[in-house]
Amino acid sequence: MIRNSLRRGCVVAISLSLLNLGSPVVATAGIIDTQSVIEAGQRDADLATIRSGLDRSDVRQQFTALGVDSAVVDRRLAALTDTEIAALADRMEQMPAGGDVLAVIGIVFIVLVILELVGVIDIFKKT
Amino acid sequence: MTAKAAGVAFGVLLTAGCAHHPALIAPALSESTRPVVELTDTPFFPQRDYQCGPAALATVLVASGVDVTADELVSRVYLPGRKGSLQVELLAASRSFDRLPYPLESSLSSLLSEIADRHPVLVLQNLGLESVPIWHYAVVVGFDADTDRLILRSGTNQRVEMSARRFMSSWKRAGSWAIVVLEPQLLPAVAERARYLEAAAGLEAARRHDAAARAYRAALQRWPEDTTAQLGIGNVSYARGDLSGAESAYRAVLRIEPAHAIARNNLAQTLLDRGDPQAALEEISAARAALSDPRFAPLLAETETAIRRALQSPERQSQ
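Chains A and B supply the protein sequences, listed in that same order. Using this note's numbering, the final residue of the first sequence is 127, and nothing's skipped along the way. Using this note's numbering, the final residue of the second sequence is 446, and nothing's skipped along the way.
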């Protein structure tokens, strides 16, 4: 019985600490960071600092879903500013992800095959 | 005679008609810049799989004095599900190594100025079409105004020459995005104040306090009356637990701009932490009176609440 509740306590403690790991990097209470002041001068929208908590957990979920190891996801998020986190939360899917030139060859090949099939070009003719 | 003249005229027309594209590099160079520059000592990391992001980032980080490899950067910037790396993550990873990522103004001339100043430039290109983009990171390490070509470290090629015209179209299709990665006490060749301060604030947000302080001090040297850089020094001092340094930085902001409500709020918080809630209350009241941006109102109200709480329970002040 005692053992069980101990175990449960441990589970709760570990879960809490994990949750805590996931908690956003909040500006030190009372101090308004420089980023917010710069952002306020640029935009009329909501300040990213103020919405950062929800955005960070949203971006964390997206990163994890895209295959980022949970051991490093928080380190990666910690180096992003609130403004960048807000941008990721809003439109990560449309953001370019620089990849590979080898992929270029594949895509170009597919396009050429399609063009060939519909008769626009005929570079694959055997003659 | 007339036939000959006609022949010459025809020849001239023919040459004129020959589509010689106007040179791009020469007109974009500042007068003092040499026409041919190549940063041959820039390292090279051939990319693997889809990982041009880690490779390009390692190239500029090592060039700025960081000891790192492309492989070590994969876990920091690669998104397996997207088979690539996002621009903001390249910025973030640079910060993790105490380097200041500075996004360039979107022009060929600013890119060339940085290279001439020995800063290799990390660029995003779209090698595909507008509708079928193929995003690719590369590092521009040189240019030749005589041949109108740029020299890049790209993908698996240590040295790629690309005509300026082809480069520009691939770069423009990617939003003309380019960064230099600097030791934080160094300004870029062409330093724009707002851009630089935002980059410095990025280091502060990433809690790279020493690097942020170096960047803010560099900014203050260039723009001595800048209140944002001064505020930044205060914030970084506070974050490092240097309350007296923070206080004097906030006071410096207020000497330049007495109505700076944010500096006054931060000063109030610092005074509270230094055990003087009475002085803190005066500052926060003045801050709230001076505040012009309502978005900060809740934050100032929070500071005031904390101060009033401390005034009501004096035994807690010492915490």
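Rather than coming from a laboratory, the hints here were simulated on the basis of the structure. From the three backbone atoms N, C-alpha and C, an ideal C-beta is built for every residue, glycine too. Honestly, I wouldn't trust all of these hints.
Unchecked claim - Partial chain B-side listing against chain A, Cβ under 10 Å, derived:
{"no.": "1", "residue": "Q178"}
{"no.": "2", "residue": "P207"}
{"no.": "3", "residue": "L217"}
{"no.": "4", "residue": "E319"}
{"no.": "5", "residue": "L324"}
So, going through the hints one by one against the coordinates:
For B:Q178, the interface hint holds, the least distance from its beta-carbon to any beta-carbon of chain A being 7 Å, beneath 10 Å. Because the smallest distance between the Cβ of B:P207 and any Cβ of chain A comes to about 3 Å, under 10 Å, the interface hint for this residue holds. Checking B:L217 against chain A by beta carbon gives a least distance of about 8 Å; that is within 10 Å, so the hint holds. Proximity of B:E319 to chain A is violated relative to the hint, the smallest CB-CB distance being about 13 Å (cut-off 10 Å).
Interface restraint check for B:L324: the shortest CB-CB distance to chain A comes to about 6 Å, inside 10 Å, so the restraint holds.
Comparing the model with each numbered hint stated earlier shows that hint 4 is the single one that does not hold.
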